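A.B. asks: Residue numbers (the working numbering), protein chains in the order written: chain A, 83 to 426; chain B, 38 to 254.
Just so you know, these hints were derived from the structure itself, not from any lab. Being a predicted model, the structure only gives us computed values, none of them experimental. The beta carbon of each residue, even a glycine, is placed where N, CA and C say it ideally should be. Be a bit skeptical, because a hint or two may be false.
[Unchecked claim] Output of the computed footprint for chain B on chain A, the stretches with three or more beta carbons under 8 Å from beta carbons of chain B: (1) 170-177; (2) 260-266; (3) 290-300; (4) 372-386; (5) 397-403.
Each chain, letter by letter, is given below.
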Amino acid sequence: MVSKKGFFKGIANPPSWALKDHQVTPEGVFRDRRNIVKALGLGSLGASLPGQVQAGLFDLFGSDDKPAFAVQGLDYSKPSAFQINDKLTPEDKIIRHNNFYEFGTSKQDPFDNAQSFQVDPWELKIEGLVDKPLTLNLHDLTTKFGLEERTYRLRCVEAWSMVVPWVGFSLAELLKMAGVSNKATHVAFETLFDPDQMPGQKNRLMGGGIHYPYVEGVTIAEAMNELPFLAVGLYGKTLPPQNGAPVRLVLPWKYGFKSIKSVVKIRVTDKQPPTSWNQLASSEYGFYANVNPEVDHPRWSQASERSIGEGGLFSAKRIPTQMFNGYGDSVADLYKNLDLRKYY
Amino acid sequence: MRLTSRGLFWLKGFLHLCFMSPIIYLIVQVLTDNAGGDPVQYIIHFTGMGAINSLIVTLLISPIAKKFKQGLLLQTRRLVGLYVFAYACLHIAAFISLDLLFAWGFLFEEIIKRPYILVGFTGFVIASLLTITSFQAVKRNMGKRWQSLHNWVYVLAVLAPIHFYWSVKSEIIEPSIYIGIIMFLLWIRRRQIKMWLIKKETPTEVSKVSAKADSQS
Chain A
83 MVSKKGFFKG IANPPSWALK DHQVTPEGVF RDRRNIVKAL GLGSLGASLP
133 GQVQAGLFDL FGSDDKPAFA VQGLDYSKPS AFQINDKLTP EDKIIRHNNF
183 YEFGTSKQDP FDNAQSFQVD PWELKIEGLV DKPLTLNLHD LTTKFGLEER
233 TYRLRCVEAW SMVVPWVGFS LAELLKMAGV SNKATHVAFE TLFDPDQMPG
283 QKNRLMGGGI HYPYVEGVTI AEAMNELPFL AVGLYGKTLP PQNGAPVRLV
333 LPWKYGFKSI KSVVKIRVTD KQPPTSWNQL ASSEYGFYAN VNPEVDHPRW
383 SQASERSIGE GGLFSAKRIP TQMFNGYGDS VADLYKNLDL RKYY
Chain B
38 MRLTSRGLFW LKGFLHLCFM SPIIYLIVQV LTDNAGGDPV QYIIHFTGMG
88 AINSLIVTLL ISPIAKKFKQ GLLLQTRRLV GLYVFAYACL HIAAFISLDL
138 LFAWGFLFEE IIKRPYILVG FTGFVIASLL TITSFQAVKR NMGKRWQSLH
188 NWVYVLAVLA PIHFYWSVKS EIIEPSIYIG IIMFLLWIRR RQIKMWLIKK
238 ETPTEVSKVS AKADSQS
């Protein structure tokens, strides 16, 4: 704002529309104000209590400041082909509402129990019917591929949904790098098995009776489609552990449980791999698990879903579920000759 | 030590505190953002557990009263029973308002189509009937029929853990523990329940027996 002329003469002549220095709020104060407003937003209940009581209450109810998992910013492009117009689910909800039974079966368990999860060193092995088996380390995951941001709908089999901006790379790209043999028919995935870090793998009561390590799989045609995505980031930063750090699969036209988290192994095979939820209850969870409003889960309807968006308890909306979660244009062809009632 | 009526007063106050505090805890958890990113399932599960836990407490009262010869204790059953109903109401209200978002047509369709919801709903109907007939005046008017209606609490005790077991995805250990506890509490009453069931099936014979008993007394 100080013109060259003003600098030489020692007198500044700012234009009449410019703010004077004393009118500008310093950045620090600006941020503090936001934090204060945020803190007040904790709830009218909090605001109505005297200070000491408040401190006591919040200590009692677990707002203890455990160090959160450290996430880093990522560089990525934003290809327009993989964006949708739906409003994003706030980050705060995406990182605090997770099914990740390795860290406990209730929705907030992963957020509570996964913050000290170690992702370095990490090894992701790509093996089986490939020309060049690969092993990627943590650094490779964010540097070996051109990262892109894709906004995908996520539909959980429990009939709630979110809209999530993932950062990562396409699964097909990785498989091409490894060189898939023409004998391959399926791709299998496996989550880390580490009971010391994952209490749900140690304790049946906490882990929901799943046989660990968690496994998943897709057909080779599904895997080579443009949609399957290996996410290493969320909202522009590396993934938090409750969302599947350091690398997870995202299959937006299938129910959420197919999108396996914290992957350590990708194996190209010539037979259909076992999948965790199918092993546990095959009448409820099929191998395909495509989002399909016409095929109900035995215990609940899949025709509509509760969309988790901005705002408080009463602001959620119920919306009709779309066939293939709205991704039919890209994937419907894969199932042309398949009876989706039988192969659910 | 025998429970006095003064002791009963304080015991009732204590029970109110015990059953109210989880509700206050839940409200604080939700208001302070400690019930997760999407508290809906948390609230539904929490209130459902409240109902089933209170149900177990009601079923515990009479065995305890018998064992320790504390007749006055029986007077807390209505209080605890009403909390079963209160938690069940919160549970259903949360399901309808927060999960289904008042899609009533969808709710009725679900009740008919989904066995676990049908089981839960049947339990709720029983709890409602027991609640509206829990007033002293109604009890007096109903005479003998009151007891036979209130024996339906045993049916409720069977339905509630089945509903719980059926509603979970895979975490069956916790509901199995509840089924075990309730089966035990019903087993203690096996004679009473058998009597109640037999009375229903063959009313003539039982009335003969009771007539005989009456003439003897």
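A.B. asks: Are the hints correct? Go through all of them and say.
C.D. replies: Verification of the hints:
Closer than 8 Å: that is the beta-carbon criterion, and the stretch 170-177 of chain A has 4 residues meeting it against chain B, so the requirement of 3 holds. For the stretch 260-266 of chain A, the stated coverage by chain B is not satisfied: 0 residues place a CB nearer than 8 Å to a CB of that chain, which falls below the threshold of 3. Counting residues of the stretch 290-300 of chain A whose CB falls under 8 Å from any CB of chain B gives 3; the rule of at least 3 is met. Residues of the stretch 372-386 of chain A with a Cβ under 8 Å from some Cβ of chain B number 5, which satisfies the need for three, so the listed coverage holds.
With 3 residues having a beta carbon nearer than 8 Å to a beta carbon of chain B, the stretch 397-403 of chain A meets the requirement of three or more and the stated coverage holds.
Consistency with the previously given hints fails for number 2 only.
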